[in-house]
Amino acid sequence: MIFLPIVALAVGILLGVLLLNGGVDPRLGVYFGIACLAGLDTVCGGVRSGLEGKFRNDVFITGFVSNVLIAFFLAWLGDRIGINLYVAVAFVLGARLFTNLSLIRRYALTKWQDAQERKRLQALAQSNISAQPETNL
Amino acid sequence: MNPFANRIQTQQQWILPVTAMCLILGVMTSMAWVNDRNRTERLQRLDPDQRARVTTGSIDLDAFQSMSTEVQSLREQKSKIEKAMADQTGQGKILEEQVQTAELLAGLSPLEGPGIQITLRDSNKGPQSFGGIMAVTSDSIIHDIDVLRLVNELNATGAEAVSVNGRRVVSGTSFRCVGTTILMDGVRIASPVVIRGIGDTQTLVGGMNLPGGLVSEIRQSDPSMVEITPMMKVQLPAFAGTTQRKFATVPKDPKDSK
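Each protein sequence line maps, in turn, to chains U and X.
Under this note's numbering, think of the first position of the first sequence as 1, with each following residue one higher.
Under this note's numbering, think of the first position of the second sequence as 1001, with each following residue one higher.
Source of the hints: derived by calculation from the structure; they are not laboratory data.
Since this is a predicted model, take the numbers as computed values, not measurements.
The reader is advised that the hints may include incorrect statements.
Anything over 10 angstroms on all C-beta distances counts as not near chain U; from chain X, calculated [said to hold, decoys possible]:
#1 M1021
#2 S1030
#3 V1099
#4 S1191
#5 E1217
A partial selection of chain X residues facing chain U, derived with a Cβ cut-off under 8 angstroms [unchecked claim]:
#6 V1018
#7 T1029
#8 V1187
#9 I1189
#10 A1190
SDA-like mimics (lysine to any residue), calculated; alpha carbons at most 20 angstroms apart, straight line [as the list claims (entries may be wrong)]:
#11 U:K54 - X:T1019
#12 U:K54 - X:L1016
#13 U:K54 - X:Q1013
#14 X:K1093 - X:S1079
#15 U:K111 - X:I1015
Note that beta-carbon positions come from the ideal geometry of N, C-alpha and C, so glycine has one too.
Okay, chain U solo, but in the shape it has when bound (with noise of 0.2 angstroms):
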């Protein structure tokens, strides 16, 4: 289940190799490479989220498709007024990305202690029980 997202992510790149065959007009590839990042972030900021249970899919889908189209008209801009706007995306995406992934990490580090402890317990009251039956009835 959790692999859902990756194999979606493969799927859509397949797909789109598929279908586009590299035809996007290349003037266009850098703004959608930009929008990638935006995309990419967002889902990560999806995860971490959902990992979180805080997690609300309007905010989700809205935050997604907003995120992508002013990366895209930023990255745009930027090139119509001959600033580079982009980096300054990049930059934003990119850092919020690397902390999105590092609270990502913790929360599964977390979860995976837990579980380790939750069953060290278990087993230790398994045990306990199973030294002394006649005491417990």
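With chain U's structure known, arrange chain X on it following the hints.
Relative to the frame of chain U, chain X by itself:
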């Protein structure tokens, strides 16, 4: 809002939306992907230093692959020709002479003769002061255009054959700038650039030292950037690149081409 509402919801309900967005993200990624077809156009939009990083390795690999297939086919061709040569002797000799003339013109045979050697190197002068601002000028670096023009001047002065950094200059040779290096026929060369030409030594040296010529132009920014050596005997290698032509063919009847 009920603070416990989140706990009551099923834990994994974020997975499906994230999966759906991942699918879209995947399609977008493949749209943004840099592949062989859009590489050149995309590269032009990168910063020069980023371009140099991205192109490292990719172009040389292509050149290597095309050359190794060329070597393979040439070997087969060579053994075929050798066999044919062994079969017929009289006619073969005349043919061989003609082939040698053609190869000489096309740069396919190694040559030697009197000539000249010119070494171009980047200036090792440090940053210079321009009204208090320290900067390395563009003039202190050997560019693709310098090599291109020098080869042209050599040819114009009467050089019969020219090589650059041990690679033969032929009719289709190109010089281009990629990042901090020069591409000659798709192969990277860098300072120092050694250009050798075969021809009348005195004429070549005189032509190179012409006032107002390219060499004097380079010498103005730093005399140590150019070094001209007259040579009694210059050896030039044969052209080692691909000789295959995809589109050009010789017309059957020469009259048709008029």
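Here's how the hints hold up against the structure:
1. Its closest Cβ contact with chain U, about 5 angstroms, brings M1021 of chain X to no more than 10 angstroms, contrary to its assignment away from the interface.
2. Once the 10 angstroms rule is applied to beta carbons, S1030 of chain X is inconsistent with being away from chain U; the minimum gap is 3 angstroms.
3. Residue-level check passed: V1099 of chain X sits 43 angstroms from the nearest beta carbon of chain U, beyond 10 angstroms.
4. The beta carbon of S1191 of chain X sits about 30 angstroms from the closest Cβ of chain U, which is more than 10 angstroms, so the claim that it is off the interface holds.
5. Remark: the non-interface label on E1217 of chain X is consistent with the geometry, its nearest Cβ contact in chain U lying 33 angstroms away (cut-off 10 angstroms).
6. For the restraint placing V1018 of chain X at the interface with chain U, the shortest Cβ-Cβ distance is roughly 5 angstroms, inside the 8 angstroms limit, so the hint holds.
7. The interface hint given for T1029 of chain X holds, since its Cβ lies 5 angstroms from the closest Cβ of chain U, which is under the 8 angstroms cut-off.
8. Annotation: interface hint on V1187 of chain X violated; nearest CB of chain U at approximately 25 angstroms, more than 8 angstroms.
9. Interface hint status for I1189 of chain X: violated, as the beta-carbon distance to the closest one in chain U is roughly 28 angstroms, over 8 angstroms.
10. A distance limit of 8 angstroms between C-beta atoms decides the matter here; for A1190 of chain X the minimum to chain U is near 28 angstroms, and the interface restraint is violated.
11. With a CA separation close to 17 angstroms, the supplied pair K54 of chain U and T1019 of chain X stays within the 20 angstroms bound.
12. Only pairs whose Cα atoms come within 20 angstroms are accepted, and K54 of chain U paired with L1016 of chain X is accepted, the gap being roughly 15 angstroms.
13. The hinted pair formed by K54 of chain U and Q1013 of chain X meets the criterion: a straight-line CA distance of about 11 angstroms does not exceed 20 angstroms.
14. Pair hint K1093 of chain X plus S1079 of chain X holds up; C-alpha atoms about 17 angstroms apart against a cutoff of 20 angstroms.
15. Between the alpha carbons of K111 of chain U and I1015 of chain X the distance comes to roughly 17 angstroms, so the proposed pair stays at or under 20 angstroms and holds.
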